Structures are given as C-alpha cells and as structure tokens.
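Construct the entire structure; sequences and hints are all you get.
Line by line, the protein sequences give chains A and B. According to my numbering, the stretch in the first sequence is residues 1190 to 1588, in order. According to my numbering, the stretch in the second sequence is residues 1190 to 1588, in order.
If you're looking for bench data, these hints aren't it; they were derived computationally from the structure. Where hints are given, some of them may not hold.
No copy is singled out in the list; a pair is fine if it fits within one copy or between any two copies.
Said to hold, decoys possible - Straight-line Cα separation of at most 35 angstroms, DSBU-like style, residue types lysine-lysine; simulated pairs:
id, residue 1, residue 2
1, Lys1264, Lys1535
2, Lys1328, Lys1351
3, Lys1295, Lys1535
4, Lys1395, Lys1264
5, Lys1395, Lys1259
6, Lys1259, Lys1569
7, Lys1395, Lys1569
8, Lys1328, Lys1569
9, Lys1535, Lys1569
10, Lys1264, Lys1328
11, Lys1569, Lys1264
Note that the structure is predicted; figures quoted are calculated from it, not measured.
2 protein chains.
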Amino acid sequence: MAVIDTLFTNAKLGDGSLKDIGVTNGRVSSIAPAGTGTGASPQVDIAGALLVPGFVEGHIHLDTSFYGDKWIAHKPCTNGFDVHERVAFQAENMARAAPMEERARKQLELCVANGSLQMRSHVMVDGSVGLKSLETILKVREAYRGIIDIQLVAFPQNGILKSPGTPELLDEAIGLGADLVGGLDPASFDRDLQGHLDVVFGVAEKRGVGVDIHLHDFGSLGAFTVEEICARTVALGMQGRVAISHAYGLGDLDADAARRIGARIAAAGISIMTNAPGNHAFPPVALLRAEGVTVFSGSDNIRDSWWPYGDGDMLGRAMMIGYRSGFYTDEDLAAAFDVVTAAGAKALGLEGYGIAVGAKADFVTLDAEHVPEAVVAVPKPRRVFKEGRLVAENGVMVR
Amino acid sequence: MAVIDTLFTNAKLGDGSLKDIGVTNGRVSSIAPAGTGTGASPQVDIAGALLVPGFVEGHIHLDTSFYGDKWIAHKPCTNGFDVHERVAFQAENMARAAPMEERARKQLELCVANGSLQMRSHVMVDGSVGLKSLETILKVREAYRGIIDIQLVAFPQNGILKSPGTPELLDEAIGLGADLVGGLDPASFDRDLQGHLDVVFGVAEKRGVGVDIHLHDFGSLGAFTVEEICARTVALGMQGRVAISHAYGLGDLDADAARRIGARIAAAGISIMTNAPGNHAFPPVALLRAEGVTVFSGSDNIRDSWWPYGDGDMLGRAMMIGYRSGFYTDEDLAAAFDVVTAAGAKALGLEGYGIAVGAKADFVTLDAEHVPEAVVAVPKPRRVFKEGRLVAENGVMVR
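What follows is the structure, given as structure tokens:
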C-alpha cells in the first residue's frame, strides 16, 4: 500500500460529511470519516471548511487581457455590437499593451488564486499574428506546469477564409502544441459557413484533435450553425470532442425549439460554453442540462478589448450563471456549481477530476456551509491545492 | 474658523486629484491639494486610495432577510413567479427564523462593512404583522444612529385593500416613525389600482411624507400603473418625493415608448429603483437617465424568501447594473457608480451628500485607480468612515 504523503483532515465534502483525505503522489489515495485518517505527516487541517474540486476555467483568452496592465477605456460601439469592429479595436489595443507574457502570467495567477486548476484558453492564430501569440502562451503554459493544467485552442480571431494563410497556421498550431482547433462565427464573419467548417473539421480530423468554436450569432442563424456543427460532429464520429462557445442563438429560441435542438446537441455529444453574459440572450442552462447537454463555463474575456468586466473567479461565475438563469432552489444552485466543476471537467475531457480515490488532489477550500451557500455568497478566503500542494491562499498565488 | 478634528491625507478623488480633506464636527470643512492640508491631529492617511462618498443602499428589507441565520432552502415556483405564493412562503419562513432584531443587525452590519452609510429600508406594515416589525426595526435604527442613516418605508406586503386594517396601520406607522408610505402592485395584488393609490397617496398627503411603491407588474400593466402614479404625483405637487421600486414593465417597452414614459416620469420628479435583476426585464437605466430620470438602486432582498442572492455590497450592485445594462465605456461605468451614490442621494432627498465642503464626512476607501475600475473590479478591502469616524474595515464593522 502506497505511503500517504499528506493527510487533509476535517474536510467538509459536498454531501455534508466530514472526511480525512489522504493524498499520495498528488492523487487522492484514501477518504475516511474525520478523525479516522491515519499515517501521514504533514497534515493539513481543513477545519470543517467546505472542500471542493478545483474550478474548471473552460473559456478564457490568455493572450488578449489587460488585467494587471494599465487601464484601457472602452470605445462605444458605433452601431450596436460588431465583431469586426471589436477585432480592429483589439488590434489597436494590443499594439500599446504590456508584453503578452507578462499579462498572461498575471491573468493566470488571478485564476489560480481564485481556485481554477484546469483551464481551456483560446489563443489567436491567424494571418494577423501568425503563431507568435501561441508561442508566447505555450511558454507561459510550461512555466505554470504543476500549478494549473491548460488546454490551448488555436483560435482564428480574424476568420479563416478572410485571413490569408490561416488554414495552414491552424494546422501548424496543433503541431506546435495547441490541443484543439477553433473557429469564429462561420457564417457571419467568414460569410461561408461550410467553407469555414471544412477547414476547422479538416484540421481536427487530420490531427486527431477536438474542436471549440466561437459562435456569437443570434437567432436562427446561430441555431442553424449549431445544427451544422452537430451534423459534422456526428459524421466524423467526434462525439464528446466538440464544444460550441457562447451559442447565444440558443437563448433566442422558444422552449420547444430549444428542447429539440438541445436533444440534437446532446446526441452529438457537443458541449456548450456560456459565461452568462449580462445584457443579451444566452443558452438556457437548465433546459439544456435537462436534455443531457454538458454545459460548461469560463470567464471569457477579463478586462480586454471586448468588455471591461471579469475577475477570474469561477465561483463568482457560477453565481452569475445562477443569477442570470433564475436559479433559486438548492438543486438549481448546485447545478450552477456543477457547470464550473464536474460538467467543465467532462466538457474538457479531463482525467482524474473530482474528490474521489484515484483522482488528482486538486482542492479548493471555501468558508461556506454547503455548495448552495457557496454559490450565492462567493466566499473569498480560499486555500488552493494542486495535486496536494498549496498553490494559493489569501487571494495570492504561492510558489 | 472652526478647528479641524481630523485631516484625511492623500485621498484620490473621482477626478483623479490627490487631496487632503479636513473634517470638523463630522462635516468636510476643507479640501486642499495633498500635502497642503494643515492643522489637524489625528491624521488619517488614505495613501492614495480612491476616496468616494458612502454608498446609498436605496432599497432593502431589514425585517425579512435570513442573512446570518440558518440557511433556508428555496421552494421552486409552482407556476412561474407569483407574488402571493412568495408572500405565503415568507410568512412560513418568518415563523421559524431567528429573532428579527438579530437578523436585522447582522444585515445592517454587512451593509456598513461594505460601505453603505445611507439606507432606505421597507418594513412590513399590514394586517398580518401590524406594527410589530416596524417597532423592532425602529429600535434597530436607533441602535445604529451615527453609524448609518436609515429611512423606513411602511410597506404593505399583504396588500392594502386585501389586508384588513392596513390603511389605518400605514397611517399609524408614520406616526410611529416611518418616513415614507409604501405600496405593492396596486393592480395585480389588490386588484384595484385606484383604490390602492387612494390610500397610499392619502396617507402621504395627510402626513406630509414621501411615497415608495413596489411595482413588479410587467408589460403594459406595469407601464399603465407608472403613468397613474405620475398623474397622482403631479396632481398632489409631490414631485421629488415619490419613488417606484422595480418597475419591471419599463424594461418591456420599445425604445420610443420607453423614452415617452421616461420623459413623463422625469417631469413628475419620480425616481426609479432597480437592483438589475438577473433573468427578466428591468428598467433601461441609460435611457431613463438620458431622459432626466433619477435612477437609484438597492440590494433589495438579501438571502430571504424571495431569492437566495445578495451580499449587501452596493459597489457590487453597481457592477451588476453595468453588467446587466451593457455598460462598457468609462462614462457608462461612472453612470453605474452614480446610481449607487449621488443619484441615490438625490432619490432619497439626502442633505449633505458627497465629497464637498459642508457635506457629511461619509467616506469609503477603495483600492482602485479610478471609479470605472472600481465598478468592474469591486475591490473588497475598504475603510468606511461615518461623519469622519472609522466604522468599518477589513469587511467588519468596528464600534
């Protein structure tokens, strides 16, 4: 029997029970009633706080945030929100920003300090920046290995067909170390839905990687695009390896239509990412979950060219998902929490997630009576453990 | 010239300037460039933090929160949200809650710790509880005099015409110390819009007090009720002394209709309170402000029978107002901040509000570069000063 490296004592789990948790080689090796765990030194006393698995930050942009940089004021949208306009504003801003590596590190440390230990970040790969951003973020990922696990999506922010060289760059990005291939509004941005998806799924099939597509289109264009992505996913047998981020159009459908497309999304094994945006439609979280869809979440932009909000706190994001979805009961609040934990792990295809024997000892402590209270109160004093080692406390990363 | 009691040094004001602020007898007596303020001991070093006026908590329910009490799980709504159903659930919960005084104190201290120094609380006054709740809350108000200024609204939670004795109780409530008379969904709850308003405005006129009416009705019924309240307000010459809380129906109108009714609300000098609820329509904050309407805000319910959310932080509420309203530019973020500060003071008719010579020395310090950053970052380490005295720091009230 393996020797226990660390014993976490008096940890309150989601079911209300108090447990002693043994950790061996970074994995949970035993879970016993509090007071009965033995054989380890050092011990870490959780003192009855709620112990939850590390949060899953499922959608972030490590390359484009200004968090920790100088404040950049937003420009008003001239004619409603326009993706092209924002992309141009972003290019302007990136030229005057602090070095990307510095900004990415600050954003990462903010996320870890708040308890995110698994992450999927989109990184711009297109004709405008080539592979430069990806190379920087790959280096940052390496620097934080053992602190946070990071998946990278090669994200064609300037389109694929409209940005010369992008198809080849997406392919090279995977060779360089990106884990998934991304896309952006196949219809409204590139004006060629099928041509865009040909490239995305072509690279995915060739390289054997997953897909995570940004889809901002509202209404029936958004829904139509979702259906096309479902069809491609099933045709290629890629169930479980495709995500659609934002999918605002799903929030514009009436309940019957949403249930029908929800069933189709579930059958295609596609996950839906929402950050519960503030002032427009977004996917109906409860309805999609009821249809069997894996709904996950992320901060998305943190203080960047797209909006000034964001704090890198996935527990706060769970609160926002609940708040925006009208979740009031304990069961609903627990669902919001699931979106930023277990459902996120499922969407990202993570191995060894959760508080169970054999899983990675990725823990966050919360001063809350139980999960529903944690979601509404968003308690900030937290200790964060990656594979059994303390990596953050008091809102600051420790190394 | 009055002797300065305390000099607050190196305070960054909203305009970015660094100032020394002299306080005499609880009021600002001088504002000078940093380093030039003289003549006082003790000094309080603000150390370049942002100094803003105390927040205005414009709508809260001190009598019905369970904050600090045991957790009470929510019941699902059986048939969509129904005010009658929630009122009944609330009555059930109040019977098993901790003593009201204890709960009210905990909620008040939470608000003060977050920087609210001015408050308007609704308190149930109707046939179900009589004046009992008001008597308790009046006692609590007295206990916190000099820490937070509190206006109380006599609130007929069970209706006026449907709850026997309520018209007389509302009148007595004012005699007992309530500052304003309230109302609740005149059409949909009491089923007699004019009869309900007859009582509300009758008591207001007789007693010479203001009015603050809860109005949850959506769509045209909500808009129609707003118009009727405008008409009554103008007829009685009560401009500047009437508020409508929630007014969800204003969020259902198209922009032209909203502008027309906004102009009417502005002409009647009626303030609109919104807490930017999560999953349904609410008043269009920017549009109403552009029409000259005073829009203010409040936590509304904090962890009570109506919803499990709420943290008593009006800076967080400003973030939510901005988030829900699509406020991205610095100007918009400053507007969200105005809603929880100066506009709140105007709605409540407060004397001596703001950071200006002659105003009350009610200050909150924020670790932020400027107001727009404070709104998106919601920094938590704060020092809170009421009339120049420290009343809270590190999230806890000090006495």
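Hints, one by one, checked against the model:
For the identical chains of this complex, lysine 1264 and lysine 1535 are inter-copy neighbours only, at 29 angstroms across copies versus 37 angstroms inside a copy, given an alpha-carbon limit of 35 angstroms. Only within a single protomer do lysine 1328 and lysine 1351 lie at most 35 angstroms apart by alpha-carbon distance; the minimum there is 28 angstroms, versus 69 angstroms between protomers. Taking the shortest alpha-carbon separations for lysine 1295 and lysine 1535, only the intra-copy value of 27 angstroms comes in at or below 35 angstroms, while the best inter-copy value is 40 angstroms. Taking CA atoms no more than 35 angstroms apart as the test, lysine 1395 paired with lysine 1264 passes in neither setting, with 40 angstroms inside one copy and 51 angstroms between copies.
Taking the shortest alpha-carbon separations for lysine 1395 and lysine 1259, neither the intra-copy value of 41 angstroms nor the inter-copy value of 56 angstroms comes in at or below 35 angstroms. Taking the shortest Cα distances, lysine 1259 and lysine 1569 sit within 35 angstroms of each other both inside one copy (25 angstroms) and across copies (20 angstroms). Taking identical chains as interchangeable, the C-alpha atoms of lysine 1395 and lysine 1569 are never at most 35 angstroms apart, the minima being 44 angstroms within one chain and 49 angstroms between chains. In this assembly of identical chains, lysine 1328 and lysine 1569 lie within 35 angstroms of each other by CA distance both inside one copy and across copies; the values are 30 angstroms within and 33 angstroms between.
Proximity of lysine 1535 and lysine 1569 under a CA criterion of 35 angstroms is satisfied in both settings, with 26 angstroms inside one chain copy and 33 angstroms between copies. In this homomeric assembly, lysine 1264 and lysine 1328 come within 35 angstroms of each other (Cα to Cα) only inside a single copy, at 32 angstroms, whereas the closest approach across copies is 49 angstroms. Proximity of lysine 1569 to lysine 1264 under the C-alpha cut-off of 35 angstroms is found in both arrangements, the shortest distances being 32 angstroms within a copy and 27 angstroms between copies.
In summary, the numbered hints that this structure violates are 4, 5 and 7.
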